[in-house]
Amino acid sequence: MIKAGQIDKGTALLIKGQPFICIEREFVNPGKGSAFVRLKLKSPSTGQVLSETMKSQDNAEDITVEDRDIQYLYNDGTNFSFMNVETFDQMEVPMANFPDYEYFMKEGETYRATFWEDQLLDILIPAKIVFTVAEAEEAVKGDTVQGATKYVTTETGLRVRVPIFIKQGEKIRVNTETKEYLERVNK
Amino acid sequence: MLPMFDLESQKQRGMMYRRIRDFFDGRGYLEIFTPTLSPTLIPEPTIQDFETRFVNEFVGDRDFYLIPSPEIFMKEVLACGSPSVYQISQCFRNSEQLGCIHNPEFTMLEYYTLGFDEKDSIALTRQLIDALLMDDCPSFMKEDFLVMSVNEAMIRWAGTDLEEHQDRRRLARRAEELGQSPAPDEAWDDIFNRIFITYVEPELPRDRIVVLTDYPYQIDCLAQRRPGTPWRSRWEMYIAGIEVANCYSEETDVEVTKAYYEKEYARLVSQRAGTGLPIPDVSDRFPTIEVPPSSGVAIGLDRLLMCLTGRKDIRDVLLFPFDRLMRE
Chain A
677 MIKAGQIDKG TALLIKGQPF ICIEREFVNP GKGSAFVRLK LKSPSTGQVL SETMKSQDNA
737 EDITVEDRDI QYLYNDGTNF SFMNVETFDQ MEVPMANFPD YEYFMKEGET YRATFWEDQL
797 LDILIPAKIV FTVAEAEEAV KGDTVQGATK YVTTETGLRV RVPIFIKQGE KIRVNTETKE
857 YLERVNK
Chain B
22 MLPMFDLESQ KQRGMMYRRI RDFFDGRGYL EIFTPTLSPT LIPEPTIQDF ETRFVNEFVG
82 DRDFYLIPSP EIFMKEVLAC GSPSVYQISQ CFRNSEQLGC IHNPEFTMLE YYTLGFDEKD
142 SIALTRQLID ALLMDDCPSF MKEDFLVMSV NEAMIRWAGT DLEEHQDRRR LARRAEELGQ
202 SPAPDEAWDD IFNRIFITYV EPELPRDRIV VLTDYPYQID CLAQRRPGTP WRSRWEMYIA
262 GIEVANCYSE ETDVEVTKAY YEKEYARLVS QRAGTGLPIP DVSDRFPTIE VPPSSGVAIG
322 LDRLLMCLTG RKDIRDVLLF PFDRLMRE
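Protein chains in written order, with our numbering: chain A, 677 to 863; chain B, 22 to 349.
Mixed in with the good hints, there may be bad ones.
Claimed, not checked - To be clear about the criterion: a stretch of chain A counts as covered by chain B if any three or more of its residues have a C-beta under 8 Å from a C-beta of chain B, and this derived list gives those stretches: (1) 718 to 728; (2) 760 to 772.
Claimed, not checked - Examples of chain B residues toward chain A, derived with CB under 7 Å: (3) Gln111; (4) Asp182; (5) Asn267.
Just so you know, these hints were derived from the structure itself, not from any lab.
Note that CB positions come from ideal geometry on N, CA and C, so glycine has one too.
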């Protein structure tokens, strides 16, 4: 048990028997009245987001989570397949729980993941990733406001707006949060 | 490396203070200057105070507190026949979280206007904000206030008509229907705050300044009851979703005030018993002040300055925000 006031972003909690991860936390002190924390909690298994308000002094059931390394094998359009690199156990996780992750994870690579018992709660995606340009469109002229840009598709299928000088086969660094091109990577 | 300071915010703060003084002086208010260190406190179970001790071998030692608000001193002056008064003072709240809208030491503007009701003080506050608008101030600050009652807001954003939920158990059931988990013995005002904070406050419009009026009487405070209704004559102002001001039509009845202090003190003692939290030793010195009919507004000036200058973090208007002091 922890006090609600100690909950932070990333704290794992059990709410009505289901694990949730705190994704937003804000302290609220009404002009008159007890101090509260306003939480946004996300269920890793269903993607459901809960708005929960607790008094700072309320008890919350926190759960112990552990980090493990998992290798991303492939996806079949519905599920991701992973392998625990220590035990070689394989597991399937609905893709809907980790929207857009198929664009950021590369097959065969190992990722740090957070587990509660056997349930995968979170996968750590680096803030910036280097991708190879798999397909590059012809440059579109006329967009003078943002400079000359075009779209390319990475080896993972992510469409990114890039400067026109980027060619197929080149490597680019992308911000995974905004999905924006950062720079060309010269080996 | 030398620390970086945002000196522009200091110029703006100075300008804000000068304009506040011009505004009230021009309207015949008296600026007063009352102590920051006080031997007494209005008992507030939810506010923890900074305590210190006066030490003197001749007159004896005594506990003092850094004021959470200058309210009692200002009311005492008002009760002695002063004109309407205002004050800019440093206030202190212990144990509050640090963050983008909280700092344990903050600046409060309080103004008490004799004979004013709720409507008058809302109009005055609009004029005050107009007088403080700065060149690059966000345009929504110039729009008319959106004035609505707390109950209208509860109906609109939480689907909960408080007139139909005056019963504690009924309100608790409603909170559960909405997905909240109030404690079994939770008081009406806490359940209300749970719903309000979760569903209403985040939805308050940000394209205008919002004034919420008619607070539930169950939230005990020194705002007058509205006869024949479950409301109190109290309003709060929200700017960009942030609570910036609070106003009461001040309670004038000495007996009601005294009973309020005693009840709140008893609540404070029972809530803190066994928690190790300090219990201020003030039970024998509650002031008995006969406050004349007046409207009292308290505005958090650091927050107001943030809003006037389009800043998003209270630390950007303070040279030495508290977390910086904690690191030094």
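So, going through the hints one by one against the coordinates:
no., hint, in the structure
1, 718 to 728, "holds (count 3)"
2, 760 to 772, "violated (count 0)"
3, Gln111, "18 Å, violated"
4, Asp182, "20 Å, violated"
5, Asn267, "5 Å, holds"
Checked against the numbered hints listed earlier, the structure breaks hints 2, 3 and 4; every other hint is satisfied.
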